[in-house]
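**Q** Generate coordinates for the entire structure from the input sequences, incorporating the hints supplied.
Chains as they are written, first to last, in our numbering: chain C, 1 to 275; chain P, 1 to 291.
Everything labelled a hint here was simulated from the structure, so no lab data went into it.
Glycine residues also receive a C-beta, built at the ideal position from the N, C-alpha and C atoms.
Among the hints, erroneous ones may be present.
Here chain P is said to cover these stretches of chain C; the calculated rule only asks that three of the stretch's residues, wherever they fall, bring their Cβ under 8 Å from a Cβ of chain P [claimed, not checked]:
no.: 1; stretch: 12-21
no.: 2; stretch: 89-98
no.: 3; stretch: 263-275
Simulated DEER-style distance windows between Cβ atoms [claimed, not checked]:
no.: 4; chain 1: C; residue 1: Leu185; chain 2: P; residue 2: Gln106; range: 54 to 62 Å
no.: 5; chain 1: C; residue 1: Ile206; chain 2: P; residue 2: Val206; range: 57 to 65 Å
no.: 6; chain 1: P; residue 1: Gly131; chain 2: C; residue 2: Lys2; range: 27 to 35 Å
no.: 7; chain 1: P; residue 1: Gly131; chain 2: C; residue 2: Leu259; range: 36 to 44 Å
no.: 8; chain 1: P; residue 1: Arg270; chain 2: C; residue 2: Lys2; range: 47 to 55 Å
no.: 9; chain 1: P; residue 1: Gly131; chain 2: C; residue 2: Glu83; range: 58 to 66 Å
no.: 10; chain 1: P; residue 1: Gly27; chain 2: C; residue 2: Arg17; range: 38 to 46 Å
no.: 11; chain 1: P; residue 1: Gly131; chain 2: C; residue 2: Leu185; range: 25 to 33 Å
no.: 12; chain 1: P; residue 1: Gly37; chain 2: C; residue 2: Gln60; range: 51 to 59 Å
no.: 13; chain 1: C; residue 1: Leu185; chain 2: P; residue 2: Ser120; range: 49 to 57 Å
no.: 14; chain 1: C; residue 1: Arg17; chain 2: P; residue 2: Leu202; range: 40 to 48 Å
Spelled out, the chains give:
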Amino acid sequence: MKQLWLSARLDIVESLRARWFMIYTAVFGGIVALLFLFGLTESRVLGFIGLSRLLVTYIQLTMAILPIFVLITTVRSVAGDREAGVYEYLLSLPVSLGAWFWGKILGRYLVVFAPVFLAMLAAVVIALVKGIDVPWDMFGYYTALLAAMAACFLGLGMLISAVARSTDMAQGAAFMTWLVLLLFLDLILLGVMIQGRIAPELAVSIALVNPLQVFRTAALALFDPQLIVLGPAAYVILDTFGATGYKLFALAYPTSLGLVAAGLGFFIFRRGDLP
Amino acid sequence: MIRCENLSKNFRRARVLDGINLDIALGERIALIGSNGAGKTTLFRCLLGEYVYDGKISIEGHAPRTERTRVLGNIGFVPQLPPPLKMPVGQLIEFSAALSGADPHQIDAIAARLGLDVASIRTRPFIKLSGGMKQKLLIAIALGRSAKLLIMDEPAANLDPEARKIFFDLLAERQHNATMIISSHRIDEVAALVNRVIEMDLGKIVLDDKVADDVSLSGRFACRLLARRADAALAKTLATWQFTADADGCVWQGEVAGPDRLRFIGMLSRYVALIADLRLTEKVGAGRTAE
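**A** In structure tokens form, the structure reads like this:
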């Protein structure tokens with residue numbers, strides 16, 4: 001446990017000094033600042049006003065930015081450290097591979113999750129100061145959703161880092177992963193459905209496997225519980241899970257996916273050459 | 001202490017270690033030499049449990065790959081190239097000391113003996129230090145714990161002569177209770193430091209020889225050099241070895257660490273046309289000398 005925490009702390013300190021972390025923090029802090037600046041809490045869309053409107057917009061933007069940011073920075077620093085000889089030295093110290101790998105994940109998870117959460121928390125604090133109502137249930141669920149999203153893409157990033165033997169390969173694979181998930185959000189699914197090549201149920205199932213789509217649907221479900229904007233696909237989802245069931249699924253599935261990917265990454269890492 | 005049996009390592013089709021058989025006893029000081037690609041670094045990484053390999057390695061009866069923490073707890077390692085760590089020096093010391101159960105003050109003390117004041121650089125990122133400072137710190141971390149095996153990849157390459165002298169003293173203090181494997185491209189860099197030389201080529205051991213071990217690691221040579229005339233380049237070089245000259249700049253006197261004498265003579269060979277006389281006298285005890 002001591003080794004795990006030491007490894008986590010090491011990764012946190014290394015990340016806090018990295019340029020990517022400063023940009024990452026500035027991006028999410030900036031989003032909240034801009035949303036307040038543009039008076040989003042004053043606007044009314046689909047009946048949403050105040051902080052709930054801001055949170056909805058924030059979570060949508062986060063879903064667009066966080067996955068690619070986490071994937072690229074994770075593979076860059078993990079594969080980059082290996083290439084630069086950091087592993088050769090640090091893994092010559094008496095640390096178990098389990099403590100090293102999972103400590104790295106723990107440290108990075110905190111570093112990745114903290115800025116997005118703290119930016120959202122800052123929005124809540126500002127709202128309280130300004131006397132704007134805070135939708136606590138929505139804030140709580142979005143926090144959990146962000147935590148699940150960070151776990152999912154961090155796990156995928158660690159798996160890619162363990163498989164790829166160079167930084168270039170790792171970055172390419174991370175970008176392709178994100179691109180495939182993005183394309184299966186709408187474009188490919190819509191395309192094949194329009195051509196009538198697959199059953200709608202199968203298309204919905206594919207969408208449910210895609211963590212990006214799962215997050216998007218879950219975020220929508222909070223202000224559109226009947227998922228009207230999804231059209232007929234909503235029937236499959238709600239019939240299968242129910243509204244609450246889907247909300248839980250949207251947290252459990254991506255988290256499990258991230259953990260399984262990280263576990264697989266650890267298995268590969270432990271079996272192969274370390275530096 | 002270390003036994004390698006039919007140790008082999010392949011990278012795709014390239015065979016980098018080819019059936020190495022090796023026995024190393026406690027207290028041996030080994031120079032591992034060979035050209036680039038000979039397999040020295042790969043052998044080190046196998047000993048450190050960082051590579052998977054064919055064959056068998058045991059260090060004090062334990063396999064470095066499967067019993068990592070137990071084996072690595074007794075190994076101090078100095079890499080050839082310092083890792084580009086962004087963490088502050090203080091945290092690197094604390095991290096390595098906490099993992100290996102060492103006292104951080106002991107690491108600070110060894111760094112101080114090598115001429116590195118840790119207190120003044122504690123908050124500086126490791127990556128921002130000079131090459132020599134990084135090397136001194138990595139040596140201090142490796143020697144600052146009770147390691148029974150020291151694996152050092154060109155450890156003195158970035159050290160000035162004064163720091164090298166102290167480094168040899170530090171090794172001398174450990175020579176009876178630790179095994180040392182020191183890698184180098186050149187035998188003259190490490191020959192006087194070791195009592196066994198292993199040369200590798202294309203993944204195989206091509207030479208394994210004992211070395212006459214008459215000069216101790218902590219030995220000193222008093223040196224007197226007579227130059228034909230004063231020369232600025234020679235003066236600058238000898239000043240880095242802490243030599244002092246007479247008023248004419250022709251007679252130079254100083255002290256050379258025993259293990260460094262080959263390196264010293266190698267350096268002097270560049271100025272051979274200028275040298276009229278050279279005397280190296282071993283200091284064998286307080287006030288006594290032997291030429």
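**Q** Against the range 57 to 65 Å, how does the distance between the Cβ atoms of Ile206/C and Val206/P compare: consistent or not?
**A** 60 Å, holds
**Q** So the hint says 49 to 57 Å: do the beta-carbon atoms of Leu185/C and Ser120/P match that?
**A** Since Leu185/C and Ser120/P have Cβ atoms about 54 Å apart, the given range 49 to 57 Å holds.
**Q** Quick check on a hinted range of 36 to 44 Å for Gly131/P and Leu259/C, using CB atoms only.
**A** This hint holds: roughly 42 Å between Cβ atoms.
**Q** Given the hint of 27 to 35 Å, check if Gly131/P and Lys2/C actually sit that far apart at their C-beta atoms.
**A** 32 Å, holds
**Q** At the C-beta level, are Arg17/C and Leu202/P separated by a distance inside 40 to 48 Å?
**A** With a Cβ separation near 41 Å, Arg17/C and Leu202/P satisfy 40 to 48 Å, so the hint holds.
**Q** Given as covered by chain P, does the stretch 263-275 of chain C meet the bar of three residues or more with CB within less than 8 Å?
**A** Held - the stretch 263-275 of chain C has 5 residues with a Cβ nearer than 8 Å to chain P, which meets the minimum of three.
**Q** Does the Cβ pair Leu185/C, Gln106/P satisfy 54 to 62 Å?
**A** With Cβ atoms ~57 Å apart, the hint holds.
**Q** CB of Gly37/P to CB of Gln60/C, is that within 51 to 59 Å?
**A** 54 Å, holds
**Q** Determine whether the Cβ-Cβ distance between Gly131/P and Leu185/C falls within the hinted range of 25 to 33 Å.
**A** Violated, at about 50 Å.
**Q** Per the coverage rule (Cβ-Cβ under 8 Å, at least three residues), is the stretch 12-21 of chain C covered by chain P?
**A** Coverage by chain P holds here, the residue count being 4 at a Cβ distance below 8 Å.
**Q** Test coverage of the stretch 89-98 of chain C by chain P using CB-CB distances below 8 Å; three residues minimum.
**A** holds (count 9)
**Q** Check the following: the C-beta atoms of Gly131/P and Glu83/C are separated by a distance inside 58 to 66 Å.
**A** For Glu83/C against Gly131/P, whose Cβ atoms are near 20 Å apart, the range 58 to 66 Å is violated.
The structure is inconsistent with the numbered hints 9, 11, although it conforms to all the rest.
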